Amino acid sequence: MMEGMKQTGIRWIGEIPSDWNTKRIKYMATLKGRIGWQGLTSEEYQDEGAYLITGVDFLDGGINWEQCEHVPMKRWEEAKDIQIQNGDLLITKDGTVGKVAIVSDMPGETSLNSGVLRIMPVKGYSGRFLYWVLQSEVFWNWFNFKNAGNSTIIHLYQGDFAEFIYAFPDYDEQERIAAYLNKECAKLDEIINGLLAQINLLKQFKENTIRDGVTKGIYGEQTIPVKMDYCSSVCRSWNLTKIKYFCKMFSGENLTAEDIDVDGDFPVYGGNGFRGYYNSYTNDGEHVLIGRQGALCGNVHIVSGKFWATDHAVVTYPTGDVDNRFLYYLFSAMNFNQYSMTAAQPGLAVSTIQNLKLYMPSSKKEQVAIREYLDTRCEEINSVLSVKETQLEVARKRKTSYIYEYVTGKKRVKEVM
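Numbering (the numbering used here), first residue to last: 1 to 417.
If you're looking for bench data, these hints aren't it; they were derived computationally from the structure.
Any given hint could be a false lead.
[Unchecked claim] Distance windows between CB atoms, simulated:
1. GLY305 - ASP229: 31 to 37 Å
2. PHE266 - LEU201: 34 to 40 Å
3. ALA179 - LYS397: 19 to 25 Å
4. GLN391 - SER363: 39 to 45 Å
5. LYS74 - MET106: 15 to 21 Å
6. LYS183 - GLY220: 50 to 56 Å
Note that this is a predicted model, so its numbers are computed, not measured.
All C-beta atoms, glycine included, are put in the ideal place defined by N, C-alpha and C.
Turn these sequences into a full structure, and let the hints guide you.
What follows is the structure, given as structure tokens:
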């Protein structure tokens, strides 16, 4: 135990400095939200009037005012407890729970929808310090403990949140911690955002490399302009065809979540890839799988061996002289998701996929050469991606650790000033 530390007995806090205290948030802040009887609905949204902050308007710890909806001024006037002011601390309690923002540069009278909670610390307690507490593992460990075993939609209930306990020093140190974390986390965010930009560029480069390979080839052949959903030019010598002329497709077989195990004899693949294991299989060999249900329908995987494909996956069986891994790259480039048919539960029909037009190399030899080239290039790109993703994980963990250590006093600002 560090000198001057004491044990709180609270699992999400642990040890704190001996001169710190813990208390429930209801004793340190006033919590206000839009109550049900006010009955605000999206039908009342308009182009002018009072600003209305919703959960989707949170951006980088603040509010994206340009995105906010507006409501009639009477709605702002009737809900005095949520007449927002600059400096107010907000947290989302529905949708993406736990997003936090501090209000600044408020352009006019502002209110909240029912999914956002207003937090107003009383004298002696810093809203800026509490902002970082709510960004930390202190809050999330408490929240996950509170919701353990809850399989329904997760909410941050105001009554539960009022009982949230956190640790704090005197007001001046709260402010010093907040200022320090503002500065240090801004540096880490710059690193994180830079790595995210690099990762996105690498992923885009990989997509472009695949698309160029399966449309322009690797031999420098002359291309011709075409009007296709997935490309604007192809090799002149390639053939226009439909998927159904060289590939049969079958939906997998239903398997309930209860049937799927964490280990077993044969892997199970669904619409989004690997799901677990089952004691039987439906397919054997190397096959391209296409997801056919859900928001990610149209994603493409290649698998081999004995496996079970669920009814959310489409299994391909080439009938002509076709290289499976070339098909994997070609289908990946075609973005099948754009052909999903329903908004509520997006889905792809096998007949829709099979009737899509595309251009194919005239020989399997050329397909294999392109596939081997793409295997090599993608392996190189993936190697760089792996390094960047590891660096990103390290930076994010460092930020998480920084916040937790300083809002629980395991590190003190005065130690590094």
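Hint-by-hint comparison with the structure:
Judged by the Cβ atoms, the range 31 to 37 Å given for GLY305 and ASP229 holds: they are separated by roughly 32 Å. The hinted range of 34 to 40 Å is satisfied by PHE266 and LEU201, whose Cβ atoms lie roughly 38 Å apart. Distance hint for ALA179 and LYS397: a CB-CB separation of about 23 Å, consistent with the stated range 19 to 25 Å. Between GLN391 and SER363 the Cβ separation comes to about 42 Å, which falls inside the hinted range of 39 to 45 Å.
The hinted window of 15 to 21 Å between LYS74 and MET106 holds, with their beta carbons roughly 19 Å apart. Checked against the hint of 50 to 56 Å, the C-beta distance between LYS183 and GLY220 comes to roughly 53 Å, which is consistent with it.
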